[in-house]
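Colleague: Each chain, written out:
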Amino acid sequence: MRFGYSVKRKLLQLIAFGCSNAHLLNFKGGKIYTGKWKYFCNPGLNCYSCPAAGFACPIGALQAVNGSMNYSFSFYVTGLLLAFGVVLGRAVCGWLCPFGLLQELLHKIPSPKLKLKKIFLYLKYVVLVIFVLILPIAVTDYMGMGKPAFCQYICPAGTLEGGVFLLAAHEGLRKSIGALFTLKMAILLVTILGCILIYRFFCRILCPLGAIYGLFNKISIYHLEVDEHKCNGCGKCKRVCQMEVDPVKFPQSAECIRCGACVDACPQTAVRLGFCNRKG
Amino acid sequence: MVDNKKKRLLFLRVAGLVIAVVFICFGGFRGEMNIVLNKAITICFECIGLG
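These protein sequences, in sequence, are chains A and B. So in the numbering used here, the last spot in the first sequence is 280, and the numbers never skip. So in the numbering used here, the last spot in the second sequence is 1051, and the numbers never skip.
Simulated from the structure, these hints should not be mistaken for lab results. Using N, Cα and C, we set each Cβ at its ideal position, and we do this for glycine too.
Chain A is faced by these chain B residues, among others (derived, beta-carbon under 8 Å): (1) G1016; (2) A1020; (3) E1032; (4) M1033; (5) I1035; (6) V1036; (7) L1037; (8) I1041.
Derived coverage of chain B by chain A (criterion: at least 3 residues anywhere in the stretch with Cβ under 8 Å from a Cβ of chain A; other residues may be distant): (9) 1002–1015; (10) 1021–1029.
Dumping the calculated DSSO-like pairs for lysine-lysine here, alpha-carbon to alpha-carbon at most 30 Å: (11) B/K1005 to A/K118; (12) A/K238 to B/K1005; (13) A/K238 to A/K118; (14) B/K1006 to A/K230; (15) B/K1005 to A/K218.
Based on the sequences and whatever the hints tell you, model everything.
Modeller: Now the structure itself:
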């Protein structure tokens, strides 16, 4: 019996979700995990203020170091992102990202499904540059410390995974709710609605991590290949792609999350995903 | 032509991984991991919408 990529990927997504959020008992007391695994970053987007989170969020960590008193560039987090990017590219989004799995589950809710206009795909690069790279360094307090602007003003993963659960557990925190929380809840609600209507709405429009990994898709070791001799141009691969990529024309597209739907759909076995190049 | 493309790709991958390892080691050596840990083990008020 041979499983397709959809089954293999869902299985690995669930395992990655479980490994990223293993400290489930912390939900009970509204605590967060404080162990040494948080020296390391999760490859995917997962808020470190989620009670169950076992690793640091790479985007949060990048902003924390860049906005710290002593440093304005994080070699450590950049190095980790570079390593994940070169090896996996956006396969991290498709196979390992906990928030990616949540978005896919939301999209399964029955509703009319919409396509995304291409122009919106560039918004995530604007978010990356302004909110993750510039603001934490440029806007600082009297001590020279910047705030994680993406986490503060946008990140719906933090609101959902951290905010909702921690605020539910702590009355003291609930008393501090203000305009910022209202803004973040509004972004979370738009994200949830967007994900129901559009496949991976947040991932494609706003996620700075997706923007970073997308840049590596052209060189990533785990890659998509199309055998031009086998391909008969039927277009099935393009039709099944929920990220709206044409794998034949753009196998290394920055939007391809290496989900493998095109591989499963190809009747000619012309499309292939893997770490090694096709022989011959 | 194809060989050149493959060689360039291999070079970029190897160079990317080497730079990644150097960055991780250098960042760890100058104490960035402590900043990451300290941020990650305290409730991030910005992340949850209070900060």
